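Put together the whole structure using the sequences plus the hints.
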Amino acid sequence: MDTQSVIPPARTVAAGRFAPGHLGELTQLVPFEMVDEALTATGTVQTRIRELPSRVVVYLLLAAALFEDLGYRQVWARLTSGLTGLPVADPGSSALTQARRRIGPAPLRALFELLAGPPAAPVRWHGLLVCAIDGTSMSVPDSAANLTRYRRQTGSHGGSGYPLLRLLAVVACGTRTVLGAVFGPTDIGETRYTPRLFGCLRPGMMLLADRNFAAADLIAGVAGTGADLLFRCKDSRRLPPVATLPDGSWLTMLGAHRLRVIDAQILVHTDGSTRTGRYRLVTTLTDPRQFPALDLVTLYHQRWEIETVYLEMKSTTLGGRVLRARTPAGIEQELYALLTTYQVLRLAMADATAHDAATIADRASFTVALYAARDQIVHAAGVIAGATIDLIGRIGRAVLADLLPPRRTRVSPRVVKRAISKHRAKGDVDRTNYQAVITIDILDPPD
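Note that the sequence shown covers residues 1 to 447 in this note's numbering.
Hints in this document: simulated from the structure, not taken from any laboratory.
If you're wondering where the values come from, they're calculated on a predicted model, not measured in any experiment.
Among the clues, some could well be false.
Said to hold, decoys possible - Restraint ranges, calculated between C-beta atoms of paired labels, are given here:
{"#": "1", "residue 1": "GLY85", "residue 2": "ILE438", "range": "58 to 68 Å"}
{"#": "2", "residue 1": "HIS257", "residue 2": "GLU51", "range": "55 to 65 Å"}
{"#": "3", "residue 1": "ARG321", "residue 2": "ILE360", "range": "28 to 38 Å"}
{"#": "4", "residue 1": "ALA41", "residue 2": "ILE266", "range": "40 to 50 Å"}
{"#": "5", "residue 1": "SER236", "residue 2": "ILE384", "range": "51 to 61 Å"}
{"#": "6", "residue 1": "ARG275", "residue 2": "MET253", "range": "30 to 40 Å"}
{"#": "7", "residue 1": "THR359", "residue 2": "THR298", "range": "13 to 23 Å"}
{"#": "8", "residue 1": "ASP142", "residue 2": "SER315", "range": "20 to 30 Å"}
{"#": "9", "residue 1": "ASP142", "residue 2": "VAL268", "range": "37 to 47 Å"}
{"#": "10", "residue 1": "THR359", "residue 2": "THR154", "range": "18 to 28 Å"}
{"#": "11", "residue 1": "PRO446", "residue 2": "ARG321", "range": "43 to 53 Å"}
{"#": "12", "residue 1": "THR432", "residue 2": "THR298", "range": "22 to 32 Å"}
C-beta atoms are modelled at their ideal positions from N, C-alpha and C, and glycine is treated no differently.
Right, here's the structure in full:
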């Protein structure tokens, strides 16, 4: 086993060649033992102690996910910048490349699967853990190797400049932690990836999804896990009532499953104007007294929390950049590293807000947490917990000291802000965010 060595003024890390293997304060959420377990389980522990042991390479990949604008040599420089006084390796780009290839994607996937899930004190609604499922696309380098697996998007707009991968995830809406994720080529649709995520669903959860997921087989699959669901479906979908409920919703049968249907008209009032929308929702929560229709329509809006998750990964962390790796195995390794570091940041944020009863989890700033975590890596700070237990840590304190303002009810147009085509397909669009008052009316079931 590794011993510990102390670096002036008070930097405690692993000993010897393992010293650069850390993630700053986040190491306490991804401890050495967890990384070693992932390496052992996947058979990727080095056969002899090299200048770059496998554990150190895993931490390098995780740190690279937090410094996506830097090459691996520069990431290494940040891992070792706080190790003043210790002899550390100075590997070149070729050595770092060989080390990453040596361990492959398997230990990063195993590490993500160990960490995936809700925090210790998740936010619940009526005793249920509210989750959402949806997909997004991400750009990968257009190398010959990547093009054997990932395709460019085609279309009348000229197509995408880079090949794309499809990522599908289930997230806990209250804390935006990731419960499960799958990814692959975009020629496989979201609904075909969905059954691979059923394993992260269980009783006590409520899954939210948009109209794309309201297929009978997917609804049956989710219900079969014991989780409840609240899916939007097409307004024109025929769901004949078998019983009408007091709050205006009704019961219907979809195959062998009894579902409750809620038709709602939504009026959005802004400065001098009113817009009308409509939701048709299906749910396995059939008791109108315990789960009133109006509450469920209001709850469905939390489905958009997963869009914020993708924004934080693709814009805040990646900065809109293309992933680095030029091979499919490298892409898998890099994306699991990104998912893992996103998850541990979210767990750190959830720990901080859970210890402050007056703080709502959605007021925690992901950007503040990200930059605080980067600082801790550069200073090699908080790698090993001290004798005095710090339940929040520097990252948590930074988040609590700079909370986002309380949310307001606002509306804005859903338009493409950075189009693939250089030509404006939609003409002039009012992009102003307006404060709004929303009225929900539950509609009577069809005759």
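Going down the list of hints, with the structure as the test:
1. GLY85 <-> ILE438: 58 to 68 Å: holds (59 Å)
2. HIS257 <-> GLU51: 55 to 65 Å: Holds - the Cβ-Cβ distance for HIS257 and GLU51, about 58 Å, lies within 55 to 65 Å.
3. ARG321 <-> ILE360: 28 to 38 Å: Once the Cβ atoms are compared, 31 Å apart, the range 28 to 38 Å for ILE360 and ARG321 holds.
4. ALA41 <-> ILE266: 40 to 50 Å: holds (48 Å)
5. SER236 <-> ILE384: 51 to 61 Å: Given range 51 to 61 Å: holds, Cβ gap about 59 Å.
6. ARG275 <-> MET253: 30 to 40 Å: holds (34 Å)
7. THR359 <-> THR298: 13 to 23 Å: holds (22 Å)
8. ASP142 <-> SER315: 20 to 30 Å: holds (21 Å)
9. ASP142 <-> VAL268: 37 to 47 Å: About 42 Å separates the Cβ atoms of ASP142 and VAL268, which means 37 to 47 Å holds.
10. THR359 <-> THR154: 18 to 28 Å: With Cβ atoms ~46 Å apart, the hint is violated.
11. PRO446 <-> ARG321: 43 to 53 Å: For ARG321 against PRO446, whose Cβ atoms are near 49 Å apart, the range 43 to 53 Å holds.
12. THR432 <-> THR298: 22 to 32 Å: Holds: the Cβ-Cβ distance is about 24 Å, inside 22 to 32 Å.
Of the numbered hints given earlier, the model fails hint 10 alone.
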